[in-house]
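Participant: The listed protein sequences correspond, in order, to chains U and D.
Just so we're aligned: 103 in this note's numbering is position 103 of the first sequence, and the numbers increase by one with no gaps anywhere.
One rule links them: number in this note's numbering = place in the second sequence (from 1) + 1000.
Source of the hints: derived by calculation from the structure; they are not laboratory data.
Here the structure is a predicted model, which means the values were calculated and not measured.
It cannot be assumed that every hint is accurate.
Claimed, not checked - Now the in silico label distances, taken between C-beta atoms and shown as ranges: (1) D/Pro-1090 / U/Asp-32: 40 to 46 Å; (2) D/Leu-1009 / U/Tyr-198: 53 to 59 Å; (3) D/Val-1267 / U/Thr-274: 31 to 37 Å; (4) U/Lys-249 / D/Met-1001: 56 to 62 Å; (5) U/Pro-276 / D/Asp-1230: 27 to 33 Å; (6) U/Glu-172 / D/Val-1267: 36 to 42 Å; (7) D/Arg-1202 / U/Leu-261: 47 to 53 Å.
From the three backbone atoms N, C-alpha and C, an ideal C-beta is built for every residue, glycine too.
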Amino acid sequence: MSVETELKKASLSPTYTEDPGKHPMDGFLRMDRMPHIWCSTCGIGVSVNCFAKALEKCQIPLDQVTVVSGIGCTGRVAGYVKVDSFHTTHGRAIPFATGLKLANPKLKVIVFSGDGDIVAIGGNHFINAARRNIDITVICINNFNYAMTGGQVAPTSPEGSVLSTSPYGNFETPFNLPFLAESVGAVYVARWTSLHIYNQTNSMVEAILKPGFSFIEIIAPCPTIFERQQKMGDGLDRLRWYCENSEIKHEAKTKDVAIGLQNKIIVGKFVDKTRPTYLESMNEHYKEKLGARYKPYEG
Amino acid sequence: MKADPTGVLTGSHYLDGDHACCEGALAAGCRFVAGYPITPSTEVVERFARRAPLVEGAIFIQMEDEIASSIALQGAVWAGKKAMTVTSGPGFSLMMEHIGLAAMTETPCVFVDVQRGGPSTGLPTLPGQADMMQARWGSHGDYEIIALSPNSPQECFNLTIDAFNLSEQYRVPVMFMMDECVGHMMERVVIPRADQIEITPRRYTKLPPGQYLPFKPGEDLVPEMFKAGDGYRLHVTGLTHDYRGYPVMEPNVQETLVHRLVDKIRVNAPKIWRYEETDVADADIVVVSYGITSRVAVEAIALARKQGIKVGMLRLIVVWPFPEDRIFELASQGKGFVVAEMNYGQMFYEVDRSARGRAPVVLAGHGGGTVHNIEDIAKKIVEANTCRSKRN
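Produce the complete structure using the sequences and hints provided.
Facilitator: Encoded structure:
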């Protein structure tokens, strides 16, 4: 079944709740855990909302959905979504998700975590899971800093970013995440900002339905720290800035989408290709090598 | 319940301890191994990688490092598999944070450490027993684990099954503390029929979603489990959490949770303790040992007996929790102790603590790289006997 068919089917699906007394996202969120910890106009909540909509559109039974997070502001997502959820250790959401997915391939496993978690402390796991084409979706909220600990420089902080551990401005070259993801084998790579809620949602649907390692980077405001430290105004100002300074370029070459402090942000769907997942390769290979002695692994 | 016959290689085999450990895991129902190569443990995962495709439902993955291995197995456990990882000193050091995660989230799983000489890269191909305290205390914060130490390939098989069973019974990570000698020595290993192998199944809840609280303990202080995909839609976190699994940053919740994590092993310790005593009743001196060193100690004891010293042996099989009551009992009877181990004093401190000043405790230790000289242990037996005579 193609992603296009799935999307078409999804667009016909009913909305989440008919009860006017309830928030339409109630069924997706642990309302007994509200209020959440995120700051006003932080971009993480926007993506959680998009994620809930994406799940609804995918029409996957929520019992089969599992969200795994690491540590940090985005790491708290797992605690708020009403599916089986695992809040693991710093940087290690991807290998935990790998274990979950391989042990039960029927699960839809989504890793929701921050830039520091995914590509600094967890960088080794990110590149290896993409290389293996583990069938999981990684949603990385990139707010350019370690926000939970008070705003330290990250491997994603644009050059010149003033943060508590780069008080004179960052002089390191940051990661270009879509380029990294593509080069290590991700089959689906997209980038959006917190402003692009429809595009973000649609990308999440595509990524979740796509077999293999899919990656979405969301550029999100961190008004309490990043925008304040860069004197960029509040979250709303930042969304305005995204509006004026982001450019949709589907299939842009990922090597060209690096982010500078004041440069245009190129967004869009950059990679959408197909190659066998880890389990497909494994089953195929063992069938060839071991013949009838091998029963295809199904969990 | 009885073992699933698909994983049981019934028969008489000639195996090294590493291979026997792998067969023990398969017999115990382990169907997921995440590992990273490291001497002298690699043969365990090599065998699992070869066996897994031929055992239905089993899967092996070689991860990118030990950190990844030690958490991938926990993902697999929450998806319903029995799982283990295998390593040696340097890798064991990297796994520490996830031993804490498994303790905090009460994830039943097995960590195998085939010990080599340390610290750091140390002696990759030669034996050590210096990770014993790390197994107990290596991760930050308060928690308890269970650790076992086999002294033969046959025990590598038998005790690996016990390690899985204990991890399921108490929902703790279990450390399987082998050493290079036991891992690489080849002996006869008899694998019984599946219907002769007792297996502890996972303690899944029977309560329906909505009524079940994932971290509310039962009478033995252990909560029942759920797994991802069963419709419970619950949360598991390494943060301090309440019965619902929700993070709560309050001292009273910390007290309730962490006290229970510690107590579920401490209170049940008498049921978990396991040791083997030889000629202890009439002994003046008891040699406490474990792993390969216990087999060398047997020779030293024979030598000392020839010299007229009444020596017995207490071999630790379950190392953690430590059988402190039994050591105190023996110390109170006026017996002295020699602790023989391949380190400069680890379980020695436990014996000394448990004796509570009532008996001399002498260390027969060395830094690893080879087993003890029999004479060195025998000399320590003489020394302990002299100390004991002076005290009495």
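Participant: Now tell me, hint by hint, if it's right for this structure.
Facilitator: Hints, one by one, checked against the model:
The supplied range of 40 to 46 Å is met by D/Pro-1090 and U/Asp-32, whose beta-carbon atoms lie about 44 Å from each other. Between D/Leu-1009 and U/Tyr-198, the C-beta spacing of about 56 Å keeps the proposed range 53 to 59 Å intact. Range check, D/Val-1267 to U/Thr-274: about 55 Å between beta-carbon atoms, so the 31 to 37 Å window is missed. For U/Lys-249 and D/Met-1001, the hinted distance range of 56 to 62 Å is satisfied, since their beta carbons lie about 58 Å from each other.
Here the CB-CB span from U/Pro-276 to D/Asp-1230 is close to 29 Å, well matched to the stated 27 to 33 Å. The beta-carbon spacing between U/Glu-172 and D/Val-1267, approximately 52 Å, falls outside the hinted interval of 36 to 42 Å. Checking the proposed 47 to 53 Å range against D/Arg-1202 and U/Leu-261 shows it holds: the Cβ atoms sit about 51 Å from each other.
When the structure is compared with the earlier hints, violations turn up for hints 3 and 6 and for no others.
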